[in-house]
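Protein chains: 2
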Amino acid sequence: MIKLPLALLAPALAAPLLAQAPAAAPPPPIVVAPWIHALRDDALANDRYAFDITEGLTTEVGQRMAGTAAEARARAWSVAKLKAMGFGNVRVETFDMPVWVRGPESADILAPFAQKLVVAALGNSASTGPAGVTGQIVAFDSVDALRAAPDAAVRGKIVFIDHRMMPTMDGSSYGQFGAPRRAGPTLASQKGELATVVRSIGTDYHRNPHTGVMGFTDGARPIPAGALTLPDSEQLVRILKRGKPVTMRLRLESTTIASAQSGNVIAEVPGRDSNLPPVLAACHLDSWDQATGALDDAAGCGIVTAAAKRIMDAGRPLRTIRVVWFGAEEVGLFGGLDYLAKHGKEPHHAAAESDFGADRIWKVDSKLGEARRDEARMIGAALAPLGIVTGAFDEAGGSDIGPLLDSGVPGVGLGQDGTRYFDVHHTPDDTLVKVDSAQMRQNVAALTAMLGVLSGGIAPKSRVRR
Amino acid sequence: MIKLPLALLAPALAAPLLAQAPAAAPPPPIVVAPWIHALRDDALANDRYAFDITEGLTTEVGQRMAGTAAEARARAWSVAKLKAMGFGNVRVETFDMPVWVRGPESADILAPFAQKLVVAALGNSASTGPAGVTGQIVAFDSVDALRAAPDAAVRGKIVFIDHRMMPTMDGSSYGQFGAPRRAGPTLASQKGELATVVRSIGTDYHRNPHTGVMGFTDGARPIPAGALTLPDSEQLVRILKRGKPVTMRLRLESTTIASAQSGNVIAEVPGRDSNLPPVLAACHLDSWDQATGALDDAAGCGIVTAAAKRIMDAGRPLRTIRVVWFGAEEVGLFGGLDYLAKHGKEPHHAAAESDFGADRIWKVDSKLGEARRDEARMIGAALAPLGIVTGAFDEAGGSDIGPLLDSGVPGVGLGQDGTRYFDVHHTPDDTLVKVDSAQMRQNVAALTAMLGVLSGGIAPKSRVRR
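Residue numbers (this note's numbering), protein chains in the order written: chain V, 1 to 466; chain H, 467 to 932.
Wrong hints could be hidden among the right ones.
Said to hold, decoys possible - Reference excerpt, derived from the structure (chain V facing chain H, CB under 8 Å, subset only):
hint, residue
1, E60
2, P428
3, D436
These are calculated hints, taken from the structure and not from any lab test. All C-beta atoms, glycine included, are put in the ideal place defined by N, C-alpha and C.
Use the sequences and the hints to build the structure in full.
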């Protein structure tokens, strides 16, 4: 049995009494315009734009590591694609950034049981050079356990840091259990370790390691830092449990380029009133280097661009919709920060981003401000038929748009189901086959309805829809 | 509705009639001894031997490529383990064989869309050397399509051969769709191709390529031959569909050793009557080099050895149970052929093998001969409570024991559920985490009951169980 809240039952129970007393004014009803329902449902049933963009970008460009020639090819592809789709003001805003490039890598257990483990360097790892570094493994269950260890116990050794991340629908476990990658290498360096390997901050049990960016803070000297796959991490734990000293030769070669070009690709659906602030719909164009970045974040670019295109197909919105395919997100939000520097002082009506795969949206949060509560409620009402619940009115998030939201730009946060996201995220498995096109269409439907509300109504050739 | 065969309904329907007429003599009832039920059910609930062997071999040795130092370490590990478990006559029978050793490998699309694909060389591939070979890709859906192509269309090119293998419970699709790997390279060589890449003969959609042995027959000159993962094969198909010439640089380095040592590890549960032929329970010790060979075939060694050990724990069987962990199965059945050469003329009561992972057994076939039909029926009756159906009485199979069965040795074939076997088989994903210990115990229970029947009864310290 499902218990209904008493409030839902109350109107019927209390009706006779209320009929005899003056009632409080009910909140104004939220009526979603029929054209929004129609655009949303058409996207849900028929969208091909999102998958087409995702398929094209991952097939014709492949991986798009920030600051590399591949990301430059991706920008050229994106400009051509967005122009071909009919977007206006298609342009690239470039910026410079440092680049870290992966080289050959291996992790060999030399003793007591000689065997190879599968490893990937973390972004910004120091290079071991071709000879690698060899040292005894010391293992810790968490960064806290490493912190508590005396420096003498780990100095000159290779530290392995484990963790217990499980999948969560909202993806919050990635933040909660990500300390081995984010804080581990700096702490290891400060304690005088030779190198560090962490259990991949992911949830899949295939031999595909999870990379990701990290940085050495507080003046810590860079050391080699890599991630073992989950099966290899558990293998290492089993080997350690045998109680004999374990020696590893870790080779993580890499090179760095002090400064290279990246850029944000920007395209617009011009609004009828160019004096009104635009609605920003974001994703990021760059990917990690181990796969084609289908879910992270070609799919996001496909979803937001498909939604904007569907509005454009229907007519002309009141406000401009600005689509931004940010560059260099993975390696440090360089694109988001460049946009903030160049456009942060301009007003924006709202910003939203798709950067959490392509599985179904289950919740919509927003932070449009108290005065725009009805607009926020309208978004919730427009998305509810997709099985999307309305969450908070004082919250919105997004990776590339994070700096912009922090600066005070209003935002909408579309929460996707992240249960299987960290099975493929940042691993060699982030390829097109992992995109569920039916769930992707639900995303496009939600974004289309959201943009329908935020853009303030569409004028078709014959009349203004409102 | 499930239709019952009329024969099942007949006794009830026909009882009044039959009561008035002389009945044909019913077949003698098959009564499984209570001690067999007890041993089987104890294995199902409590076995730890099989997982312990699988965990130990994969952890303390890792990969065990035939003819390498790793396989030699595996033999030493196995001898120590089997002696520690109390087996008798533990010994190694060595033989020599040629060895192929994998080197660095890569598959780079150079044009029209530069990107890296994931590849693994097939066993016995020619080496490309460090520079690799570069050529245009020509694609075929099947070996038959390649065969039909004019030689001029493929000469000097790199041929990609696709296929449509889907998982099947009995694993038969592996044979049916495996032609690209088995026949493809020879055909490609005969047609003057530069090299060949095939879609992995597997069913998983992770970026872990499926290797396996192949040979160049009919005097064909060896050429480089590799397997792309399923996601990479489908990526290549998408790239080809764009209609522009596709160029690949394929690097598959390898070395060969003309002759190196491998060997079969043999251990016995000595029978009460040493004049009776032994029951052979087989698996193979070697593995492919990309993973720890947990399912192929450490698990098989765990299962057959656990079953023999459980018989030994209960008492002394009438017939000797001979456990053989064959060497060099993957690369050409060298161990099975060596055993046949050395022991093929000795009588064997029966042979059975576990070499298809550790998922549940669903069927038992046998080929014990017409005179031993009751023994075969007894095995079926002993296994039925595990949800195992009795199949054919004129069929038995097994990889290492294949030559022995072909020579006329009676056999029992325990059919495991292979639906997910080719998700991990011969790929980097064949590691311990893929072993389902509950299903593994069902295997041990079945093998224990089978050995209970075939070994002819156990004598405990106090009395003979029969």
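For the hint on V/P428, does the least C-beta distance to chain H fall short of 8 Å?
-> Status holds, d = 4 Å.
Taking the least C-beta to C-beta distance, is V/D436 closer than 8 Å to chain H?
-> The hint is violated - V/D436 has no Cβ within 8 Å of chain H, the shortest such distance being about 12 Å.
Once the shortest beta carbon distance from V/E60 to chain H is found, is it less than 8 Å?
-> holds (5 Å)
The structure is inconsistent with hint 3 alone, although it conforms to all the rest.
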